[in-house]
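Engineer: Spelled out, the chains give:
Protein chains: 2
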Amino acid sequence: MGENVDNEIIEHHVDEEMEKRRTTSHASSFIESLTPFEREGHSSTQSSHRLLAYSDALISIIATVMILPVAHTKVEDNEELKESLQALLSTKIAVYLMTFLIVSVAWAAHIRLFQVIERIDDCLALLNLACMMLITFLPYTFSLMATFPEYILGILLFCACVIVIGLIQSVIVVYGFSRPFLLNDQIQISENQVFYKHHILKVIMRVPIMCFFASIFSFIFFQLSYVILAVVIFLPYITESLKWCRSKAIGQVEETPDSVLFYSYRPNEPLTKERVEAFSDGVYAIVATLLILDICEDNVPTPSVVQKKYGGSLIAALQDYGPEYLAYFGSFATVGLLWFVHHSLFLHVTKTTRFMGLLNTLSLAFVGGLPLAYTLTHEFPRNSRNELEAIQISCVIIFFAGVFQLAIWVAALFNERETLHPYVRYGGRDHAFMFAKLALYPCVALGTFFVTCVLSRFSASIFHLMQVTVPFAFLLLRLLVRGGLALLRLVFCPDRSDQRSTLEDEEEEARMPFNALVT
Amino acid sequence: MGENVDNEIIEHHVDEEMEKRRTTSHASSFIESLTPFEREGHSSTQSSHRLLAYSDALISIIATVMILPVAHTKVEDNEELKESLQALLSTKIAVYLMTFLIVSVAWAAHIRLFQVIERIDDCLALLNLACMMLITFLPYTFSLMATFPEYILGILLFCACVIVIGLIQSVIVVYGFSRPFLLNDQIQISENQVFYKHHILKVIMRVPIMCFFASIFSFIFFQLSYVILAVVIFLPYITESLKWCRSKAIGQVEETPDSVLFYSYRPNEPLTKERVEAFSDGVYAIVATLLILDICEDNVPTPSVVQKKYGGSLIAALQDYGPEYLAYFGSFATVGLLWFVHHSLFLHVTKTTRFMGLLNTLSLAFVGGLPLAYTLTHEFPRNSRNELEAIQISCVIIFFAGVFQLAIWVAALFNERETLHPYVRYGGRDHAFMFAKLALYPCVALGTFFVTCVLSRFSASIFHLMQVTVPFAFLLLRLLVRGGLALLRLVFCPDRSDQRSTLEDEEEEARMPFNALVT
Numbered sequence: 001m002g003e004n005v006d007n008e009i010i011e012h013h014v015d016e017e018m019e020k021r022r023t024t025s026h027a028s029s030f031i032e033s034l035t036p037f038e039r040e041g042h043s044s045t046q047s048s049h050r051l052l053a054y055s056d057a058l059i060s061i062i063a064t065v066m067i068l069p070v071a072h073t074k075v076e077d078n079e080e081l082k083e084s085l086q087a088l089l090s091t092k093i094a095v096y097l098m099t100f101l102i103v104s105v106a107w108a109a110h111i112r113l114f115q116v117i118e119r120i121d122d123c124l125a126l127l128n129l130a131c132m133m134l135i136t137f138l139p140y141t142f143s144l145m146a147t148f149p150e151y152i153l154g155i156l157l158f159c160a161c162v163i164v165i166g167l168i169q170s171v172i173v174v175y176g177f178s179r180p181f182l183l184n185d186q187i188q189i190s191e192n193q194v195f196y197k198h199h200i201l202k203v204i205m206r207v208p209i210m211c212f213f214a215s216i217f218s219f220i221f222f223q224l225s226y227v228i229l230a231v232v233i234f235l236p237y238i239t240e241s242l243k244w245c246r247s248k249a250i251g252q253v254e255e256t257p258d259s260v261l262f263y264s265y266r267p268n269e270p271l272t273k274e275r276v277e278a279f280s281d282g283v284y285a286i287v288a289t290l291l292i293l294d295i296c297e298d299n300v301p302t303p304s305v306v307q308k309k310y311g312g313s314l315i316a317a318l319q320d321y322g323p324e325y326l327a328y329f330g331s332f333a334t335v336g337l338l339w340f341v342h343h344s345l346f347l348h349v350t351k352t353t354r355f356m357g358l359l360n361t362l363s364l365a366f367v368g369g370l371p372l373a374y375t376l377t378h379e380f381p382r383n384s385r386n387e388l389e390a391i392q393i394s395c396v397i398i399f400f401a402g403v404f405q406l407a408i409w410v411a412a413l414f415n416e417r418e419t420l421h422p423y424v425r426y427g428g429r430d431h432a433f434m435f436a437k438l439a440l441y442p443c444v445a446l447g448t449f450f451v452t453c454v455l456s457r458f459s460a461s462i463f464h465l466m467q468v469t470v471p472f473a474f475l476l477l478r479l480l481v482r483g484g485l486a487l488l489r490l491v492f493c494p495d496r497s498d499q500r501s502t503l504e505d506e507e508e509e510a511r512m513p514f515n516a517l518v519t
Numbered sequence: 001m002g003e004n005v006d007n008e009i010i011e012h013h014v015d016e017e018m019e020k021r022r023t024t025s026h027a028s029s030f031i032e033s034l035t036p037f038e039r040e041g042h043s044s045t046q047s048s049h050r051l052l053a054y055s056d057a058l059i060s061i062i063a064t065v066m067i068l069p070v071a072h073t074k075v076e077d078n079e080e081l082k083e084s085l086q087a088l089l090s091t092k093i094a095v096y097l098m099t100f101l102i103v104s105v106a107w108a109a110h111i112r113l114f115q116v117i118e119r120i121d122d123c124l125a126l127l128n129l130a131c132m133m134l135i136t137f138l139p140y141t142f143s144l145m146a147t148f149p150e151y152i153l154g155i156l157l158f159c160a161c162v163i164v165i166g167l168i169q170s171v172i173v174v175y176g177f178s179r180p181f182l183l184n185d186q187i188q189i190s191e192n193q194v195f196y197k198h199h200i201l202k203v204i205m206r207v208p209i210m211c212f213f214a215s216i217f218s219f220i221f222f223q224l225s226y227v228i229l230a231v232v233i234f235l236p237y238i239t240e241s242l243k244w245c246r247s248k249a250i251g252q253v254e255e256t257p258d259s260v261l262f263y264s265y266r267p268n269e270p271l272t273k274e275r276v277e278a279f280s281d282g283v284y285a286i287v288a289t290l291l292i293l294d295i296c297e298d299n300v301p302t303p304s305v306v307q308k309k310y311g312g313s314l315i316a317a318l319q320d321y322g323p324e325y326l327a328y329f330g331s332f333a334t335v336g337l338l339w340f341v342h343h344s345l346f347l348h349v350t351k352t353t354r355f356m357g358l359l360n361t362l363s364l365a366f367v368g369g370l371p372l373a374y375t376l377t378h379e380f381p382r383n384s385r386n387e388l389e390a391i392q393i394s395c396v397i398i399f400f401a402g403v404f405q406l407a408i409w410v411a412a413l414f415n416e417r418e419t420l421h422p423y424v425r426y427g428g429r430d431h432a433f434m435f436a437k438l439a440l441y442p443c444v445a446l447g448t449f450f451v452t453c454v455l456s457r458f459s460a461s462i463f464h465l466m467q468v469t470v471p472f473a474f475l476l477l478r479l480l481v482r483g484g485l486a487l488l489r490l491v492f493c494p495d496r497s498d499q500r501s502t503l504e505d506e507e508e509e510a511r512m513p514f515n516a517l518v519t
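If you're matching them up, the sequences are chains Z and U in order.
Take this note's numbering: the last position of the first sequence gets the number 519, and nothing is skipped along the way.
Take this note's numbering: the last position of the second sequence gets the number 519, and nothing is skipped along the way.
Don't read these hints as lab results, they were simulated from the structure.
All values derive from a computational prediction rather than experimental measurement.
Warning: the hint list may mix true and false statements.
Unchecked claim - Below are the SDA-like pairs computed for lysine to any residue, each with C-alpha atoms no more than 25 Å apart in a straight line:
1) Lys309/U / Thr91/Z
2) Lys309/U / Ile152/Z
3) Lys308/Z / Thr91/U
4) Lys308/U / Leu153/Z
5) Lys308/U / Tyr151/Z
Just chain Z, with the same shape it has in the complex (with noise of 0.2 Å):
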């Protein structure tokens, strides 16, 4: 313990000289700034820490926004919700994932880009405000593509955005290289610059140019058009799954000496982990909050409607959004935990690989579906068909937003020495609760789908009584591993549990990794 303190209070110790460096180091530039090489009157240059989480808020608001309208959507009481579902799904739906992969992509360059240009002063703080107002656009384009998919203007518009969007880039680049002291510092003193510009600007201008090319054939034939679209889109993702898998398959590719040339841009590099968290606790914190939203809107009722449709009673008039309520409870609650498990998890990467940062935006994209599941989990009368179908209809999407998240954890467990700590590594200490943790989720939502098929009258029960225990379930479960794990350990040597006390054996059980570490 006392070990621990004095730890405590080193680290507190740096953390107070580093902010002293960091308050010398910036009143320093300012006085730097008045020397002959940057007389030019912009001097006040700036950490980007701050504009890079404005825009991390920014864009993970704008990727989950797609799903208010498929929330919407009203669902006519009298037809079956399949059929429905068939229109939501064919457009609606195929827009969200979309409009989610496209700005995540966004996302992705806009961080690489400030990898490079590490501070910023206020010429280039606008232009990032600017290239954020086109990037909020895009699902707006996006979804007129997906309205009128043989008009070609929702085609020029989304061109247009990224054009632009590309150009404003390059302005910031060309600006931040006639300016050096804004770049990274491995760029500012290397003889290289011009170099890396070109490499730069190539990399970014790649996707405008092949987007120019698609409006220019949407005049043409405008199929061709959404295929070079499709291309733009998923060619990182899918090169990079292929990667991965060859990777696995035939060992650990050699570090080209290429990505040693450009250790500073590299557009493979994955994205910090810091980033990938902010940009997650974004998504989290505003689907968290979609229904609120429109509760608040839609469910206070006028003192005329109580007067009249319920004699005065305010409770009464409540009790008829009572689902609302629970609709809202449930999904925040289940949002909540999962953004809880996330947390789990990154506590124990070190890195995030590209692979990671994919299987996380997928796991991101189906919590962006909760609000709606939960929107038709309240909607229908009770013990209906359609009412069944919702409830299973949530049930997969918590399914696949936990099954993602065990996802990223596994493929973290294929470079184990390199992305986790070792705590939750295979046989650390914390391997089996990280375990257990991440698959809650997917287990209970995969046996609440089974049990409501066979006990269709009871689902909304059943349902429910799934949303009060998780949370429960999550206190008690490391209680539950250890338990879980004593009787494994009965089960399979009965003679060595006879001997000492399940406790002691956990114990040694838990110090093995650290001793196979030491030697």
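Got chain Z sorted already, so can you dock chain U onto it with the hints?
Structural biologist: Just chain U now, kept in the frame of chain Z:
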């Protein structure tokens, strides 16, 4: 320049070093957790950093939610805006502002709690999520209170939420003190832990106990409940403003020994700058994107409508939505630029006092009103009386959002040695530039307001012209300030500027405060 690079590299090294230490301390805390002291299985302590970031995001979204019912209030075209605005103003805007204040109070209490409990484990993370869920429900209970002031149900629900939040926070405190390694370092090593615990519990339970009495009085004489609740909400703001005014009037008050005793949990302790920034970022991000939420949902025409109403011309159909797009880009640009000003200001702020935090909250509350303003501007026919008034309301909202930002700076200037970096202090080299940045929006809004009063026929054109020119004004601001200062000098001391070039003069002026600092 060389020194600058050196500094950066040192900073970078310190960063890395800290990272290593963190990892080490993290790993060692896991080993530590195997000592007998913490054997109960709750060993996975974690830094609360990401938990707080997520809470900030949730709370900032919730704080701005209540603007939606205001913004979506349909104003009939034939009735005068003024009358419907009176109905609006009387309840919905009041509800919005009150909600914003209540949620800010809850946020501040939440921060202070996690200044005591600096590390978390799974149990605390789950308790905090439960707490968040109830905080997100507060706006709804409050709007029930406002819509049905004579029913006690609203009061009871609100009080119940507050009491449960208080109880959860107490559980968090008790839990934290039962595992001292989770606490703030200073409390961890102090011998007065029990004393601290009781003091903190007392501070936390103050508001819930008042709410408990309010809920009891609601059965007897419900007006009294509202008085109690108003005291709860406004008292911290009022006492803080009074204290600040008094301290300015009679000079700096000495720190009481009491506050030295409780240095780690002073309810009067200012919020850290980082948390204020994170909260502000969240509000700016959600406000900037609120309008695109509406546009994505409502402004995609269906194919059948385009076929029937516009003869298959998608462009004609979209032209009808033109004003909405303009409103979106206008509001995004305004919010983005206000964020930019806020960002520039907080870059130079070293510490936020409580009074500055209050001014920041007020500024954010007006920023949250911007979507309302921009929705109003595009809802009325050109050159109608309503349009003029909507534009003037927009100007007023922008004016106040900007003026409160300016007020933050003015308040900071009163304690400039503590709260500001040297270069923006009075007489510093960026002082005039910062002032121009902060004054730009209030001046432009005020100017537009008066010009539209005179030239009411061109109000819309003037307003749009303002929107287009302001971003460029920010880009050119440094040049403008430089020119303005040169001009001032030319007018007041023409003999000096004859001798030297303006540039040299400028530089001399810029260096002056640093010389003053050295001597």
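Engineer: So, for every hint listed, does it hold in this structure?
Structural biologist: The hints, checked one at a time:
no.: 1; hint: Lys309/U / Thr91/Z; in the structure: 23 Å, holds
no.: 2; hint: Lys309/U / Ile152/Z; in the structure: 19 Å, holds
no.: 3; hint: Lys308/Z / Thr91/U; in the structure: 21 Å, holds
no.: 4; hint: Lys308/U / Leu153/Z; in the structure: 18 Å, holds
no.: 5; hint: Lys308/U / Tyr151/Z; in the structure: 16 Å, holds
Checked against the numbered hints given earlier, this structure breaks none of them.
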